[in-house]
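In terms of the numbering used here, the sequence shown opens at residue 232 and continues consecutively.
Heads up, some of the hints might be wrong.
As the list claims (entries may be wrong) - Only pairs whose alpha carbons sit at most 25 Å apart, straight line, appear in this in silico DSS-like list of lysine-lysine:
{"hint": "1", "residue 1": "369", "residue 2": "381"}
{"hint": "2", "residue 1": "387", "residue 2": "441"}
{"hint": "3", "residue 1": "294", "residue 2": "304"}
{"hint": "4", "residue 1": "369", "residue 2": "387"}
{"hint": "5", "residue 1": "396", "residue 2": "381"}
{"hint": "6", "residue 1": "294", "residue 2": "282"}
{"hint": "7", "residue 1": "277", "residue 2": "337"}
{"hint": "8", "residue 1": "304", "residue 2": "277"}
{"hint": "9", "residue 1": "316", "residue 2": "329"}
{"hint": "10", "residue 1": "369", "residue 2": "396"}
{"hint": "11", "residue 1": "244", "residue 2": "277"}
{"hint": "12", "residue 1": "381", "residue 2": "244"}
{"hint": "13", "residue 1": "420", "residue 2": "396"}
{"hint": "14", "residue 1": "441", "residue 2": "459"}
{"hint": "15", "residue 1": "449", "residue 2": "438"}
For the record, the hints were derived by calculation from the structure and aren't laboratory data.
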Amino acid sequence: IVKEMDVDHPAAKLVVETAKVQDSEVGDGTTSAVVFTGFLLEKAEKLLDQKVHPNTIIEGYRKAEALALSLSKEIATKVSPEDRKYLRDVAFTTLASKYFAPNMDKVIDVAMDAIFSIAERNGESYNIDLSNVKFVKKRGESTEDVELIKGIVLDKEVPSPSMPKLVEDAKIAVIDFGLDVEKGEITAKLSITSPEQIREALEEQAKQVKAMVDAIAKTGANVVISQKGIDDLA
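Please model the complete structure; the sequences and the hints are all you need to start from.
In structure tokens form, the structure reads like this:
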């Protein structure tokens, strides 16, 4: 809600920016960050009313920040990145503040599996690039049907209902051209005067498409992904 606020006052802008940074960097704790920021601003205002110089207030806050960070390191609990149970508890606490459903356990398990799938070890820690996780949402389905797919999801319809729904040990060909007869760059008109000529034109079109299909089939590919169109004849 705070992120959507359109404010002009510098102090209000500071609160909004704090919420944005907290959400992007941590993903949780925005309410606490906003309340704490408001508290600091309130105390700063009282000090200003007492004629305390702004630089003195800033210096005091910076010293308090350094002390808070130092104490946080002392009382922090070191957790192994491989301690799945502890990390799951952290995920549950974070998610519970934004979402609740009877199947929350399943959502958390899927989220954990996704993170561990993309985590790359770096010494005693892990590097995690969240851009490697994509979400595909479908209208009408419930969160009970959430699943992790370790691969690529192409949200496209198959060209023909007769195509198989599952291909095991697939050999995939990704092509940047269409499996159809391309139109020429030169505009031309074809004059057809008999049914025989129509048949010949269709046969030639089918011949060209078959030649492309045969060429791909010779590579051993049994799944074809095209960036462009696929003719019904293919």
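Here is what the structure says about each hint:
1. The suggested pairing of residue 369 with residue 381 holds, with an alpha-carbon distance near 18 Å, which does not exceed 25 Å.
2. As the CA atoms of residue 387 and residue 441 are separated by approximately 24 Å, the hinted pair is consistent with the 25 Å bound.
3. For the suggested pair residue 294 and residue 304, the alpha carbons sit about 16 Å apart, so the restraint of at most 25 Å is met.
4. Using a Cα cut-off of 25 Å, the hinted pair residue 369 and residue 387 holds, with the two alpha carbons roughly 13 Å apart.
5. As the CA atoms of residue 396 and residue 381 are separated by approximately 18 Å, the hinted pair is consistent with the 25 Å bound.
6. Taken as a hint, the residue 294 and residue 282 pair is honoured in the structure, with Cα atoms around 20 Å apart against an allowance of 25 Å.
7. Restraint check for residue 277 and residue 337: not satisfied, since their Cα atoms lie roughly 49 Å apart, outside the 25 Å limit.
8. Restraint check for residue 304 and residue 277: not satisfied, since their Cα atoms lie roughly 30 Å apart, outside the 25 Å limit.
9. Pair hint residue 316 plus residue 329 holds up; C-alpha atoms about 21 Å apart against a cutoff of 25 Å.
10. About 18 Å separates the Cα atoms of residue 369 and residue 396, which keeps this hinted pair within 25 Å; it holds.
11. Of the supplied pair hints, the one linking residue 244 and residue 277 holds, its CA atoms being roughly 20 Å apart against a limit of 25 Å.
12. Proposed proximity of residue 381 and residue 244 is contradicted: the alpha carbons are some 41 Å apart, above 25 Å.
13. Distance restraint check for residue 420 and residue 396: the Cα-Cα separation of roughly 41 Å exceeds the 25 Å cut-off, and the hinted pair is therefore not satisfied.
14. For the hint linking residue 441 to residue 459, the alpha-carbon distance of about 17 Å falls within 25 Å, and the restraint holds.
15. Restraint check: the Cα-Cα separation between residue 449 and residue 438 comes to about 16 Å, which is no more than 25 Å; the hinted pair holds.
When each numbered hint is compared with the structure, violations occur for hints 7, 8, 12 and 13.
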